[in-house]
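Residue numbers in the sequence shown follow our numbering, run continuously in steps of one, and reach 388 at the last position.
Wrong hints could be hidden among the right ones.
[Unchecked claim] Pairs of lysine-lysine, BS3-like flavour, derived with a Cα cap of 25 Å:
(1) K271 <-> K312
(2) K311 <-> K271
(3) K323 <-> K311
(4) K326 <-> K351
(5) K326 <-> K312
(6) K367 <-> K351
(7) K326 <-> K271
(8) K312 <-> K351
(9) K312 <-> K345
(10) K345 <-> K311
(11) K323 <-> K345
(12) K367 <-> K312
(13) K237 <-> K271
Keep in mind the hints are simulated off the structure, nothing from the lab.
If you're wondering where the values come from, they're calculated on a predicted model, not measured in any experiment.
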Amino acid sequence: IAVLGFDMSALSAVVASCGLTIGLALQGGLANIAGGIMLVIFKPFEIGDYVESCGVSGTVVDIGLFYSTLTTPDNKKVVVPNGTISNNVITNYSTHDTRRIDFDFSIAYTADVNVAKKVLYACARADEKILKDPAPAVMMASHNDSGVTTKLRVWVKNEDYWDVYFAMYEQVKHNFEEYGIEIPYPHLNIKIDK
Numbered sequence: 195i196a197v198l199g200f201d202m203s204a205l206s207a208v209v210a211s212c213g214l215t216i217g218l219a220l221q222g223g224l225a226n227i228a229g230g231i232m233l234v235i236f237k238p239f240e241i242g243d244y245v246e247s248c249g250v251s252g253t254v255v256d257i258g259l260f261y262s263t264l265t266t267p268d269n270k271k272v273v274v275p276n277g278t279i280s281n282n283v284i285t286n287y288s289t290h291d292t293r294r295i296d297f298d299f300s301i302a303y304t305a306d307v308n309v310a311k312k313v314l315y316a317c318a319r320a321d322e323k324i325l326k327d328p329a330p331a332v333m334m335a336s337h338n339d340s341g342v343t344t345k346l347r348v349w350v351k352n353e354d355y356w357d358v359y360f361a362m363y364e365q366v367k368h369n370f371e372e373y374g375i376e377i378p379y380p381h382l383n384i385k386i387d388k
């Protein structure tokens, strides 16, 4: 090309700028390919696992070269670039067979704390889906403006998590009412001076 009389410095500049432009255009795609390879090698999750990453959570239905696809609990399809997901924190809820559920229940300051703790233990023992080992635990968590927060911790099988989660709130409410344990709520007293 130099023999034909073309300026090599100008041609080199054009080739270099084209290479830079192509490199920048492919940057996202190459990052996604690299992320896909990392996901396949290190396997932080597999198809069928329930995961949370990049602000979304759902069941993994596909791990492709460029993207991973999740289905949310309300049946939405979420496609996440592999480059993004491989560079973020990934929480895999399906890795272990069991999970712990932490419940927070507020009781009024006037309520008997020991009775409330017995009620919570009784609710945990009554639910067959709650595992006996590790045993349920009840403890005082905090003192708040309108009441005391009592924490109940139970262990369940992965597939029973949501059933126990919702059932326990309902059962505890009924049992608290039966034993006269008040669930506090904010009060507002207004005094009018004449």
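Structure-based check of all given hints:
no.: 1; hint: K271 <-> K312; in the structure: violated (44 Å)
no.: 2; hint: K311 <-> K271; in the structure: violated (42 Å)
no.: 3; hint: K323 <-> K311; in the structure: holds (20 Å)
no.: 4; hint: K326 <-> K351; in the structure: holds (11 Å)
no.: 5; hint: K326 <-> K312; in the structure: holds (16 Å)
no.: 6; hint: K367 <-> K351; in the structure: holds (23 Å)
no.: 7; hint: K326 <-> K271; in the structure: violated (37 Å)
no.: 8; hint: K312 <-> K351; in the structure: holds (24 Å)
no.: 9; hint: K312 <-> K345; in the structure: holds (12 Å)
no.: 10; hint: K345 <-> K311; in the structure: holds (9 Å)
no.: 11; hint: K323 <-> K345; in the structure: holds (19 Å)
no.: 12; hint: K367 <-> K312; in the structure: holds (14 Å)
no.: 13; hint: K237 <-> K271; in the structure: holds (21 Å)
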